[in-house]
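Could you put together the complete structure from these sequences and hints?
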Amino acid sequence: MTILSRQPPGYDAYGVNVGSHVLMQVELKPKAVRDPRALPKAEAVRITDKPKRLEAGLTGDIKRLANFTPEFRLRVGSYRALFELEGDVAIVYRIMHRQRVYAKR
Numbered sequence: 018m019t020i021l022s023r024q025p026p027g028y029d030a031y032g033v034n035v036g037s038h039v040l041m042q043v044e045l046k047p048k049a050v051r052d053p054r055a056l057p058k059a060e061a062v063r064i065t066d067k068p069k070r071l072e073a074g075l076t077g078d079i080k081r082l083a084n085f086t087p088e089f090r091l092r093v094g095s096y097r098a099l100f101e102l103e104g105d106v107a108i109v110y111r112i113m114h115r116q117r118v119y120a121k122r
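Just so you know, we're using the numbering used here here: the sequence shown kicks off at 18 and counts up by one.
Keep in mind that the hints are not guaranteed to be accurate.
[What the hints assert, rightly or not] Under the rule of at most 30 Å between Cα atoms (straight-line distance), these lysine-lysine pairs were calculated in the BS3-like manner:
#1 K48 <-> K69
#2 K67 <-> K80
#3 K69 <-> K58
#4 K69 <-> K80
#5 K80 <-> K48
#6 K58 <-> K46
#7 K69 <-> K46
#8 K46 <-> K67
#9 K80 <-> K46
#10 K58 <-> K48
#11 K58 <-> K80
#12 K67 <-> K48
Simulated from the structure, these hints should not be mistaken for lab results. No experiment lies behind these values; they were computed from the predicted model shown.
Pasting the structure below:
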């Protein structure tokens, strides 16, 4: 049984309604806004721009994480944006380097 077969009709593998033309909203939590500030400006812009592209849909290098909260990650070079989906809203919690992002908190 695949993930797709467990979703109701009109929803994709992540549980997002694909039947409507409403764009997904992206909410950046305060830590997700602060995380890239220590980086060079060009790098920070590239890293914070990528999660905002989730508004057009779940595209890019997105993976569902097993036994980890938040449950999704978006890969941006060697950085990761950790987010959850609540309906048609993607809530981005952290944007950190891949070596630090999965460390126990």
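So, going through the hints one by one against the coordinates:
1. Distance restraint check for K48 and K69: the Cα-Cα separation of roughly 15 Å lies within the 30 Å cut-off, and the hinted pair is therefore satisfied.
2. For the suggested pair K67 and K80, the alpha carbons sit about 15 Å apart, so the restraint of at most 30 Å is met.
3. A hinted pair counts as satisfied when its Cα atoms are at most 30 Å apart, and K69 with K58 qualifies at roughly 17 Å.
4. Of the pairs offered as hints, the one joining K69 and K80 holds, with about 17 Å between alpha carbons and a cut-off of 30 Å not exceeded.
5. The straight-line distance between the Cα atoms of K80 and K48 is roughly 21 Å, inside the 30 Å bound, and the hint therefore holds.
6. Distance restraint check for K58 and K46: the Cα-Cα separation of roughly 20 Å lies within the 30 Å cut-off, and the hinted pair is therefore satisfied.
7. Distance check on the hinted pair: K69 and K46 sit about 12 Å apart at the alpha-carbon level, within 30 Å; holds.
8. About 15 Å separates the Cα atoms of K46 and K67, which keeps this hinted pair within 30 Å; it holds.
9. A C-alpha spacing of about 20 Å is found between K80 and K46, which places the hinted pair at or below 30 Å, so the restraint holds.
10. Between the alpha carbons of K58 and K48 the distance comes to roughly 17 Å, so the proposed pair stays at or under 30 Å and holds.
11. The straight-line distance between the Cα atoms of K58 and K80 is roughly 27 Å, inside the 30 Å bound, and the hint therefore holds.
12. A distance of roughly 16 Å separates the Cα atoms of K67 and K48; the hinted pair therefore holds under the 30 Å criterion.
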